[in-house]
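Asker: Residue numbers (numbering that gives the first Met the number 0), protein chains in the order written: chain A, 0 to 99; chain B, 0 to 507; chain C, 0 to 539; chain D, 0 to 678.
It is worth saying that the hints were derived from the structure and are not from the lab. Every residue gets a Cβ at the ideal spot worked out from N, C-alpha and C, and that includes glycine. Just to be clear, a hint being listed does not mean it is correct.
Stated by the list, open to error - 27 Å max Cα-Cα, derived DSSO-like pairs, lysine-lysine:
#1 C/Lys460 <-> C/Lys379
#2 C/Lys195 <-> C/Lys309
#3 D/Lys165 <-> C/Lys460
#4 D/Lys165 <-> C/Lys455
#5 C/Lys379 <-> D/Lys165
Said to hold, decoys possible - Label-pair restraints from in silico Cβ distances:
#6 C/Ile199 <-> D/Val599: 27 to 37 Å
#7 D/Phe3 <-> C/Thr113: 36 to 46 Å
#8 D/Val599 <-> C/Arg35: 44 to 54 Å
#9 C/Ile199 <-> A/Phe19: 55 to 65 Å
#10 D/Phe668 <-> A/Cys66: 29 to 39 Å
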Amino acid sequence: MLTVSHVMILSLVLFGIGVFGVLTRRNILIVLMSLELILNAANLNFVAFSWAHPGIQGQVFALFVICVAAGEVAVGLAILITLFRNRNSVNIDEFHLMKG
Amino acid sequence: MAGFDPAVFIGNLAWMRPELLLAGYGLALLLASTTVPRTAKSIGGWLTLAVLAAAAMLVTAQLSAGPDGTVAAIGTFSDGSGDPAFVVDGFSIVFKLIFLLGGAFTVLMSMQYPDTDGGDSAEFLALVVFSVFGMMFLASGTDLITIYIGLETMALAGYLLVGFRVKEKRANEGAVKYFIMGALASGILLYGISLVYGATGSINLYGIAAAVAAGETGSASFLGLGMLLMLVGMGFKIAAVPFHMWAPDAYEGATTPATSFLATAAKAGAFAMLLRVFITALGGNGADWASLMILLAAASMTVGNIAALRQDNVKRMLAFSSVGHAGYVLMGLIAVGVAEGDAAIRAHGLIAVALYLFVYTFATAGAFALVALLRKNGQPGEMLDDFNGLVKRHPVASVGMLLFLLSLAGIPCTAGFIGKWWLFGAAIRVNLTWLAVVAVLNSVVSLYYYARVMVAIFIRDGEGLAKVQVPLPLSAAIGAAGLFTLLIGVYPQPFIRLARYAVLMLGV
Amino acid sequence: MNPFGDQLLNVITFVPLAGALVLLLLPKEKNELVARLATAFAGLGVLVSLPLWFAWQSAPTDGHGFRFVFETGWIPSIGARYIVGVDGISMLLVLLTTIMGFIAILSSWTAIQTRVKGFYVFMLILQTGMLGVFVSLDLFLFYIFWEVMLVPMYFIIGIWGGKRKLYAAIKFFLYTLFGSVLMLLGIIALYFYHQKVAGIFTFDIRYLQAMGTWAGWFDLQCWIWLAFFLGFAIKVPMFPFHTWLPDAHVEAPTAGSVILAAVLLKMGTYGFVRFSLPMMPEATKHYLPWALTLCVIGIIYGAMVAMVQKDWKKLVAYSSVSHLGFCMIGIFALTADGITGGVLQMLNHGLATGALFLIVGLVYERRHTREISEYGGLWKVMPLFAVLFMIMMLSSIGMPGIPGNGFIGEFTILMGVFALPQKFWAVLAATGIVLGAAYMLWLYQRTMFGELSNEKNKSLKDLNFRETATLVPLVLLSFWIGLYPKPFFNILAEPVHKLVAQVEQTWQYPEEVSVLTEDNVLVRLEDLKETAPEEGNEVH
Amino acid sequence: MLDFIWLIPLIPLAGVLINGFFGRRMPLKVVGVIACATVLAAFLLSVGAVVQLAGSEPNADGLRIHEVGELDWIPLDAVSVPWEFSLDPLGSVLLLVVTGVGFLIHVYSIGYMAHEKDYARFFTYLNLFMGMMLTLVLAGNMMVMFVGWEGVGLCSYLLIGFYYDKPFDTRTGLTCADAGRKAFITNRIGDFAFLIGVLYLAINFGTLTFSEISEKVTHAGPGSHALLVGVGILLFLGACGKSAQIPLYVWLPDAMAGPTPVSALIHAATMVTAGVYMVARMSALYAQAPEAMAVIAAVGALTAIFAAIMGTAATDIKKVLAYSTVSQLGYMFAALGVGAYVAGIFHLMTHAFFKALLFLGAGSVIHGMNGEQDITKMGGLRKKMPRTYWTFLVATLAIAGIPGLAGFFSKDEILWGAWSSGNKMVWLTLAAAAGVTAFYMFRLVYLTFWGRFRGGDEAESHVHESNNLMTVPLMILAGLAIVGGWVGFPNSFLKDAPFIHSFHHWLAPAIADSHGGGHGAEASHSAGVEFGLMALAVGIALCGIFLALQIYKSSSLPQKIADTLGPVYKLVRNLFWVDELYNLVVLRPFYAVCRGFRWVDIHVVDGLVNGTRNATLGLSYISNLHDRVVVDGLVNLTGWTTTLFHRMLGRVQTGMIQTYLSVMLLGVFILIAYYTLAG
């Protein structure tokens, strides 16, 4: 029987993979994808908890998150494009003009 | 679904007048940016200013809509379970005024950049307006969905503002850093929200509070972890150590008006969210989160101020200083959390936060206005050396800068002192004397680097640097910021009264 | 006698500020005009402060021993009020401030050649700040003045100072700020504790002093006392918090040094007299041995370090450390004589050391060096200068009769300290008299006596009229205090005896009147709730 | 006139103002006349006051005293000190001596200083000195006295350093200015003790007025005996400084750097006797503190002999006289110490006459020799300067104690006082000192006035007698040196003469009796002993004279004796190395400590401050360079972690943003850890 706990473990794994991806990937596109994973991990939680609790708040929240995530990716890609135009690279470790 | 009544809905919308105004205006700006001829755009800034002023008036009107015309009225939008999802209370009104103020300064400054590196100023203004719009939901939202949407609205506009100079490498880079880290932070925040939801079964702040009070929190560790992750997400937004590392780079990369916007309005927005969520929803667990915030506060003050000591780039320096200031402001929130039973102290803490954000907005926006002032011919004027001998080149602006720096350092006769007095008082009242000591020692440290700017302006010789011409919008910004900084320093009473409305959040 | 009525102190305090504003309007090329106008305003400051002295006896007190009290609301939300008033102690310090401020400005006519307007503006702002410190009867107001004058002083050192001006200026600023902010925490703690017990939020010093009679807050009192101590001791400066002083003095322009020595340092001692002693008598007594030890170390140590200085100004600066140790030990004797002597010595030190810095400034202006070894035999070329220097030096080393003011102070202090059961405090303090003579006479000998061997010194001009005019008032005042100090003793008797009674916790405070109306109290949540909207107002 | 005694010090001070402000613009003569006139006026007023005092009714204690003091000066809680002046017999003696001798020296100075550039400055100082000295003498309480006390010290400082740009002593490398400072500081050390004593008095008796102190200490009771002894010794230490007693005598020989009239006035006749005067003033206190008196007697006697011995080897004419002064002051203190107050004051007076005469004579010699002070370069001046010679000889005979002259009477009275009070050791020391005194004085006379001139022909031709302005005062003083002692004619002779012992009768009421010293009480039953002792003393003196004449008659004998004595001579010649000892034991360590403190101040006290600053800046430096240190470290750390992952996953990736993210995550973990551990 699938319980909330199982879903939670799945979401935690997803979250972990997402964070790990953000931390280790060179390519910003993949970093963006990892970020999506994190959001989806949260979504998974919302939906799962929505089972356990009365009301549909969790599911509604998940829907909102999906929308926002789309917006976020759009913005992210926009920024990425400007960067790529100037630097001809999407490798995250090449951007360290500013430091200190 | 408690039945949808269009009349009630429209009636409720009346409470959203300022938000609606901004949203409508923002959209109009976007449209205009593609259709209106370029020559007419020069009035865009002033128009935006007028709209922001109108929004502020609408917000203030809500304030005086109370039964006896003195205290804020409260309107709520209830969600399905009957708890409000959007409230208009004293707290939200005070913070909205701060956002609008920060936005107005940004607009004033952006008019110094009529070309904004060839970009379209109308888009810039639209982004500012949208971001402010998002913040307003942060201040008013009492439902985590509302808050999350508000946050993302604010943040997405913010990412774009940082990266607005699309041809500038540093801007691109800052935007990417800000975006990736911001996205991660909101992901973490979201995950935290989901855990809290799991623990309490509610995404409404009042619902969560009720569940916590009733002990129906399922696994307490869920709640704790969720709370912690939410704190991390919000800590990122206020740029508290150790989640501050984006701030210097984003501040440096962005155009100065955008930087000012991030440092003032965006920070205030994040604080509004922090206060609202933690006090309203998790007020019962005050001691828990306060103990975490104490760590953040002490670390922010110390790291922020110490890192700022040797910065030669004034924008970066102010970025680190803003990290330190976030630490100071946290003290007010900590006092609210620690003093669970004592209403007077909780009120003190809230007033302190609200007042300080006012004070800080004036001083920081003013300081960035000076940085914007020194930019000319496309050359950034943000290095310390660019300030050399400014007093000879423009005495009034120099005195203004002096006031802002002193205010940031918390020297009396400027607004900063009044703000610090409230914050330190809050810490002392809850017996966190050591934190107050850390704070005051940091304010001494901070004076060291503020003094470096003063030295550059007043003591060093600015041979070879041209006289500064101040365009009208900038002089308005500097003048207003300077005036208020001095005024609050000498006669703070009206502003304390204003900040006092923030306390109404507790009363609901 | 007093044309200003209860506005007198406001007029005194803000005349310099008004002068600064007027100066700001002048074109900056007109250096001469700026200097003269600034001097005129400072002179006006002296004139308007004279009613303090002449109308003193006839002025009514407010029941707490303060005269010329003016009060009005200010920040009701925190209970801070704008209250100014003086008792004998602060009245004398106000007069000292106006006079020394005038002299400092007068002495700068030729010394300051660059950015003249800014200099006088800062001097006048500084003047207002210092006066504000002495006249404030509201702790919040006091603190604002206390810190705000750091800024003009910082710039006076930083812009018009010597070679290491930046270092000295920032050191001065940070060091004193360090003490001040900790004191601020003390003030906050004191304020809230007072509210907790008395139920009213107030910064009114007259009410806060009544805390001295409260029992049961000894531990808190000690902490607050230490916070205040740090703030004041750094300002005084007491050993070992004195190291900012030599740097600041040496690098500051003459006028800055004069003001620093004559007035700024007095703010620290004044703070002890006005706050630490009456508000926290138990803690004062608790820490007394330590405080006295620091005073004695300061006296001897300051003098011995002064002994081997090669820099004229630094020598005088260290002598200040020693002399201020004397003031402080008098105050910490907690006897009427000791405190009277301490306050009197504050004036004397202001006159004498102020004059000594003027004197250094006068030769520095001529020779642009402060190295003692560069001088020698100046008596030959500058006899008038030498005589005035001699008189003020004698004042500084406590010569009785000529002019004798230093002696009056030292003797009074020693008398007060000697009343302590442990006689060794007085004996150790009195060694300062011998040491003081040693380094001062040596300085005098090395600069004024000896052969006029340095070629550059042979063409030095004696003082002109303006320069003489800066020193002569100080000489005359010194003789007055030295030969007939009775008026000063009379003025000091009342506040000092009150203070002693406060420290003994036998002082009867007048019945407290609630000066705060309901509205003035910080925030009462209940009030807010009451006026909060009804349920029906919610929109659904 | 008694009510106006406060005017007496003020008159010379008026002279200070006139000469001080306008002196440089006035003709020299006017300056001198003003200076002398003020002193003369003070003298006449003093005479008038003393005559009136003598005619006034004595009070219950038989004391004629007049006190003036209405004006409050230092009104303290513990003690209120008014500006208070008083005149009693003790003060009147000093008053007349100071104004009288002072006037003569002023007149002399007009001649002596005629060629000086800073003529006005000199007379300003001199008048200031007179004002201060008279304040000291007429003071009605200790504080007013202290004003004069310090004031004369200041004038002494200024006058010693009058030739401030000249070197003075080649042996020690002292300049005139150094000498002045040395005098002042040494005095201050004494004053330090004095002040402590005054504080004790004030705290315990609540008054500083002399008459009231006398009253109170007399009735103080045995409980305060220790206090009184302590105070007595402290006050005496003050006197030691002022009156150049062991251990604080070192300044007086160097004080000879000043112009000679100054040495005569200040360092012989008046100021240096202030200590004696003060101790006599406090006789009531010392009467209750015999231990303190014993100390005084011992110190006085020791000083008398030591200084006399040092005088035998000095070659500077003024230094010989300076040691002589120290020695004679020792006599006075010894007299006070054995309770023979009257004798002490008597000697003070006679000493003022003959020592002033000696100094003025020496000044005349120096003037005649055009500034030469070394007696080894003099000789045979008898013929060239007859007036100087004869007056000098009179003074020498007086100081040597030849019967009939002033010094004989006073010295004899002291010796008798010492003997009759049972202090035989004191007597012995003083008698020996008398012999040494006679020896060095005649050595001086011989080397200066007799024999052949040793300064070369060139110098000899310039030697001349001084003018009348200088010699007339000499002659007047010589007269005083002869007759001045007759007011103290011992009872034992001529029992019925009217002037017999009048000095004693005049002074006695002002002195509190302890042992009843002096001749009056016991003279009748021990006349025989007294005569014997007197003869013995005269004999010792004559031996000294004879020895001096014998030794210095030959030109080689002195050198031979010096060679024979070897180390002893060297010891005396170098003044027992006391200055060097003080230098080594006190001054050098003191300066070393001072320098040490300066080092500490810069490096430790301030070092802590700067250290904090540097540490903070350093911290910022670290965080500033966090790309190199912190971030790089984190990069490496991330690199290391990712390498770890790489091993697992076969991929390595890192970047700057990710460093930031790592920090952020690290923060999250820390928070979680803290939350779980603390919560």
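Asker: Determine for every hint whether it applies to the structure shown.
Answerer: Outcome of the hint check:
1. C/Lys460 <-> C/Lys379: Given that 27 Å is the threshold and the Cα spacing comes to 11 Å, the pair holds.
2. C/Lys195 <-> C/Lys309: violated, 54 Å
3. D/Lys165 <-> C/Lys460: holds, 23 Å
4. D/Lys165 <-> C/Lys455: holds, 20 Å
5. C/Lys379 <-> D/Lys165: Measuring from Cα to Cα gives roughly 13 Å; hence the hint holds.
6. C/Ile199 <-> D/Val599: 27 to 37 Å: With a Cβ separation near 48 Å, C/Ile199 and D/Val599 fall outside 27 to 37 Å, so the hint is violated.
7. D/Phe3 <-> C/Thr113: 36 to 46 Å: Violated: the Cβ-Cβ distance is about 59 Å, outside 36 to 46 Å.
8. D/Val599 <-> C/Arg35: 44 to 54 Å: Holds, since D/Val599 and C/Arg35 (Cβ atoms, about 46 Å apart) stay within the stated range.
9. C/Ile199 <-> A/Phe19: 55 to 65 Å: Since C/Ile199 and A/Phe19 have Cβ atoms about 59 Å apart, the given range 55 to 65 Å holds.
10. D/Phe668 <-> A/Cys66: 29 to 39 Å: holds, 31 Å
Of the numbered hints listed earlier, those contradicted by the structure are 2, 6 and 7.
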